[in-house]
Every structure is written in structure tokens, then in C-alpha cells.
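Participant: What follows is each chain in one-letter form.
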Amino acid sequence: MKIKKVMRLIISTTAILGMLTGCSSNPEEGIKEGASATSETKSASAESTKEGAAPLTGVTIEFLYNLNGETTSDAILKACEDFTYETGIEVEAIMPGSNFSDTMKTRMAANQLPDIWTTHGWAVARYSEYLEPLNDQEFAASINPEIKDLVTGEDGNIYAAPLDMDLVGITYNGDLLTEAGVNVDELKTWEDFDAACKKVSDLGKTPIHIGGKDNFTIGNIFNDIAPTLYTNDNEANQKALLDGSFDWSQWDKAAGMLDAWNQKGYINPDCLTADYMTSIKAMAKGDVAFSFYGASGIAEVYAINANANIGFMPLPAKDNDSKQTLLVGEHFAAGVWKDSEHKKEAMQLLNYLMREDVCTELASVCAMPSGVSYVTSDTGKLAEYYAKYSEEGIQTVPYFDRAYLPSGMWNDLCTTGALILSGDSEGVQKATEQMESSYKEKMAQAN
Amino acid sequence: MKKKNFYINLFYIPAIILFIVFVAYPLIYGVRISFTNWNGYSQKMNYVGLKNYLRIFTDENVLIALRNTLIYGICSTLIQNVLGLAYAIFLNSKFKGRSIVRTIIYLPVMIAPLIMGYIMYFFVQYDGGAINDILHALHKAPVDLMSNGTVAVCIMTIINSIQFVGTAMIIYLAGLQNISVMYYEAAEIDGASKWQQFKNITLPLIVPALASSTVINLIGGLKLFDIIMALTSGGPGYSSHSLSTLITNQYFSAQNAGYASTIGLFTFALIMIISNLVSSYFDKKEVYM
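Protein chains in written order, with the numbering used here: chain X, 2 to 448; chain D, 6 to 294.
Derived from the structure by calculation, the hints contain no laboratory data.
Incorrect hints may appear among the rest.
Cut-off 30 angstroms, straight-line C-alpha distance, at most; resulting in silico cross-link-like pairs (DSSO-like, lysine-lysine) [to be verified]: (1) D:LYS56 - X:LYS149; (2) X:LYS345 - D:LYS56; (3) X:LYS149 - X:LYS345; (4) D:LYS145 - X:LYS206; (5) D:LYS56 - X:LYS431.
None of the values given here were measured: they were computed from a predicted structure.
Whenever a hint applies, use it, and build me the whole structure from the sequences.
Facilitator: See below:
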């Protein structure tokens, strides 16, 4: 009987430990698009056997990237193949899908990083201790000022090469807003935005759609609201957020705004269980007026309905004395591992990606403004908006969480938002408390 | 003889090495991490003493996950055992098409739980879900079932139970087929009713099967992960997290690897204690033929 007991103990221990040592997948922090399949390729050696190809050097460098979408991924793979053709250096380009961020965290923990990878907004805050400074590279002097600060550390080192830059506002359906009698150019403050939502709601349509099953869609909202309420034109708050002295009781304004929209019925009733693609489809069908997704979301809408009239507007200001803003951040930016065995070759690839013709091609595929001054990308249907807001001098500000929150708080933006959307009567208060406690914990973690 | 034993013992070595590399070392490393506030990727690790262990007992999210874990574990076990035993008794009798029925009941076990979760999402989703389509056909208003944490927990418990009821059925079927027919014949001669036969013959003699089925289902329910990730990812907020999904959330999303490790060790201890208590209880009830 004793042996039997011991056997049971071992079996149950092993079964439980199997769970504890298992791996997982979870919604992605950095990838702000829908889930996509993992893709992997080794830039074909066949390319190098073509006439005129450089002989293979025997060196293979690993390139991990997080850019979703078949067209983008194909363009990256093509660029890697062309690089192999020109240099004889093979590239193993891997896109781990929605697990990108977790894969990178695991590899950082093991100090076994790829030779080159895309930094998805975290070039400085998360990856700088692993990245090779790029100040002495030729392209460094041409990085656009809007994005340069975001990839430059406090030590003055540039850690990532931005091929393009994310410029984010609120996505809208022009036809639906016209039907509701809303002129998007008149939505200067959140109060105006609220009034527009009322008009859309009165039409029987959904003013704001959230695909909260993919919880980054909830985090995006706070990321959009927070700078307008706390950090735009408020240097004291900017400083306080960075040094840990921010008064978190103020967070009830941001949380309260989301709660008010929810209470007024401006948000889709399935906001917690619908996914990102449901949002995209609803926008493509003309059932939704506003969504808080970036340019990639607009491209997805056009992929479903090429005739949709979709645009994006700057984020409204908190009041008439403040200015409208657009968020700017890294999109396709890449850096090189400082301890890479093939650092020289990885740097060669990075410079190849930043070459005018290659960079133009890649930034155009992403339909985003280029990150360097010597490249003008084709942004397609969005070009008119970029030109318009540039002419109007709309100010750009960094993503709130990347600039002012310690790494790891994205999860809190998502979960506290979900709590509020669930209709919890104390949601605003609990969200405020959680943000404060998590902020303090993360600040302690960083010190 | 000694030499022979020596060579036989060599066969243990691969298993011992695998156990050390994949179980013992991660466990020991996990204990070390649990005393730090490590974010899961940095090369820097600060020791915080027992802070993570004390936090577990005051963290509302852990208490919610603990409650949900017990619901997933205990309710799934109850449903799977009651249904599994009923199926087994039914399928222990001879009738045409018995093999097909057995296969159909067992079939969901072969589907990965994550896939099962995604399939079920199409039933319960608000927009275009099968349940809401039926309600629509009946001119009823649609319901967003998964937006309420309590309802989501109940639905996921049922999905998990239905998926793995086949395992319980197979175990009970094996147990039932081990019982000699002569016991039932003797009982019938003595005038025992069907219920009396079940209570006094079947039930005591399938205790080993009951023990195995209960422990397997209990561990399966207590570590439920995939279905939750597919259907709610633990949301809304933290309301449908199990301890397993909370560990993932804290490790990767919240970047609290130290705390996640502490929750992992707590979960390990919890499942270990519960499964061994259940196992000991059934050991005492075992009847030998």
C-alpha cells in the first residue's frame, strides 16, 4: 500500500508540475493588430545561386519581427532575400505572431537574443540594455525629429532605426458621421466628441466600438485619452509621472470618461466579448462611428470594404484652451543585439533596410510616414490626412504608456478598462487604486 | 544478481535526468524567483523576502482566481463523474451501435482544449453566436453571456466537463467490466432490487475507478487553462481567471515574474494537498474482490 501511495504522489506531483513548467500564449502588449499566424523563413539560398548573386558567406543572422499582415510580412521576407542576394549573408526571418513580446521577454531572461529585431515601441524602456547604439550609422542624422526622441535614451544613444512611424488618432466612418450630421473637423474637445456620440447614438448606430476580447483594444483607449488629460501642456505631470510622485487620484478623470461613455450606451454592448476583427467588420459595414485603432486598423477596414469612407482625426483636447494632438510612436523600428556573434552582419542588414529604395518600399507597404528625412513613403488613402494635419500643425505626443508608465503597466490599462466596461459600480475607484498600486510596484521593480 | 540489478537500474537514468532538467530544476528556480520582484526578463533581480507570499493572502485577484479554480475543479469533477458513470452503466449493456455511441462521447477528449474553446466561442459570442441566433429566432433579445464573470465561469466549467466526460466514462467502463456477473446473479436470487445492486455491489467495487477518475478530473479542473484563454483570457477584468491563467497574466503581461512564481507554488501546494486528501479518502473506501 505504501508503494501505491508513493506512486500516486509521484504521478500527481508530475502532473501538477507539468502545468507549472508549461508555456502559454497571451494577448500581445506591443502588437496592436489582430492575431496572426507565425511565419518563418530562411532567405532562400537559391537566391544566391542566381546569376550575379554574391557567394554565400556561411553566416546566418536571425531577424525577429512583429509586423502582422501578409503584405507587410511578404515585403520583409523579400527584402531579406534581396539582402542575401547582394551580400551572401543569409537571414532567418521569423515572425512569432501574437507571442512576439513573450518570446522576446523569455529570450531576454536567457540573454539569448536575436541578432536583430523590431522594437515595437520599447527600444529605450525595455530593450536599451541589450541594443547596440546606432549614433554612428549614416542614417542616424536623418531620423525625423518626431520619432528621434522616442528611440533615443537618456544617455543620448539612438537604439533603434525607425523605417516608419506610427501616427495615431481616432478612426472614424465618414459616411456615418455625415448621416448623423457630425462635422469631424469641429470635434475639437472631448465635450464635442461626446456630443457627436450622442448624435450617432440617436441614429440607432454604435458611436464607439471596442473589441475587448482582444484587450489591447481597451488599453488603446486609455493610451489615447490619458495624454490629453494629464501630460499635454502639463510639464508638472510629465515630471511627476517619471519621478514617481504623480498623484494617481487624478486617474478618475480618464476612468470616469470611459465609464460615462459606457453608462450613456455609446459603446457596443458586447465590448468585452467581441474581438478586434468584429470591430473592423462593424466599421467596414458602416455600423460604427469611431474606433481607437491606428492606421493598420484602417488598412484592415479597406481590405474588407474598399468603398468604405474611413479617416482618422486628431485626439480631442480636454478643453478649448488646449490643443488637439496625434500620438506618435515606433512602428517598424529595428535594433541590433550588442552582444551578437554576428553584429557586423546584423548591422549590415539594418543599414540595408534603411537604404532609400528598401526603406521607401517597406514604409509604403505599412502605409505609414517614413521615419527618416530622405524617404517619402506612399501612404495611400491616408496621405490626405497626414498632409492635412501636418499643414494644420497638429502637435504630436508620444504614446502615454511608453513615455510615462513603467514597463508592465499596459496590462493594468487593459484590465482596469475591462473592469469599468463590465459595469462594476466601483469600477472607477478600483481602476484608480489598481493603477496607483501597480505604478508604485513597477517603480520599485525598476529601482 | 547484483550485477543484473545494476544494469536494470541504469535504465532509470534517462528518466531521472529528464525529471531533474524539466521538473526539479525549474521548481527550485521557481522557489528562488518567488522571493524576488523580478520582472521576467531583466538581468537584475531584487530580493523582497516574504513580500510575495504575504501579498497572496490580501490580493483580491488571487482570491477571485482561487474561488474560480475551486469551482472549475470541484464542479467539473462532479459533473464528469456523475455523467461519466451514467454513460458507462448505459454503455455496459449490449445494444446495437454501442461502439459508435462510445466513440461519439469520447471524441471531444481528442480535441485540444484550446480548439474546443474556440469552437465554443462561436456558440456563446454575442454577435452571430449560435445561442443568440436561436434567441433571435424566438424573438428574444440577445445576451452577452461571457461579459459576466460568474456566468462565464459556469459556462467554461460545463464546456470542460463535457469535453472530458469521455475520460471518466472509459475509466468507469473498465471498472464495471471487472465486476463478475455472479455477484449480480446471486443478488437477484436474494431478491435485491436494481438500486440495491448498484449501491451494494457496483459502487463499492468501482471505488478504484472512482478514485482514479476523481483525482484525474480534479487535477484537470484545478489546472484549467486553455479553454479560459480561448474564451475570456480571464476577463472581464480578472473575473474568470483560474490560478493557472493568473500565473501567465502576472508573469508575461503584468511582468511580475516573482509574484507569478509565488502563485505557482501556492497552486502546486493547493492541488497537491487536495488530490492527496481525495486519494487517501478513496484508499480507505477500497474493497478488495
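Participant: So, for every hint listed, does it hold in this structure?
Facilitator: Hints, verified against the model:
1. D:LYS56 - X:LYS149: violated (40 angstroms)
2. X:LYS345 - D:LYS56: Roughly 45 angstroms between the alpha carbons, so the hint for X:LYS345 and D:LYS56 is violated.
3. X:LYS149 - X:LYS345: Distance ~23 angstroms between X:LYS149 and X:LYS345 Cα, so the pair holds.
4. D:LYS145 - X:LYS206: holds (20 angstroms)
5. D:LYS56 - X:LYS431: holds (22 angstroms)
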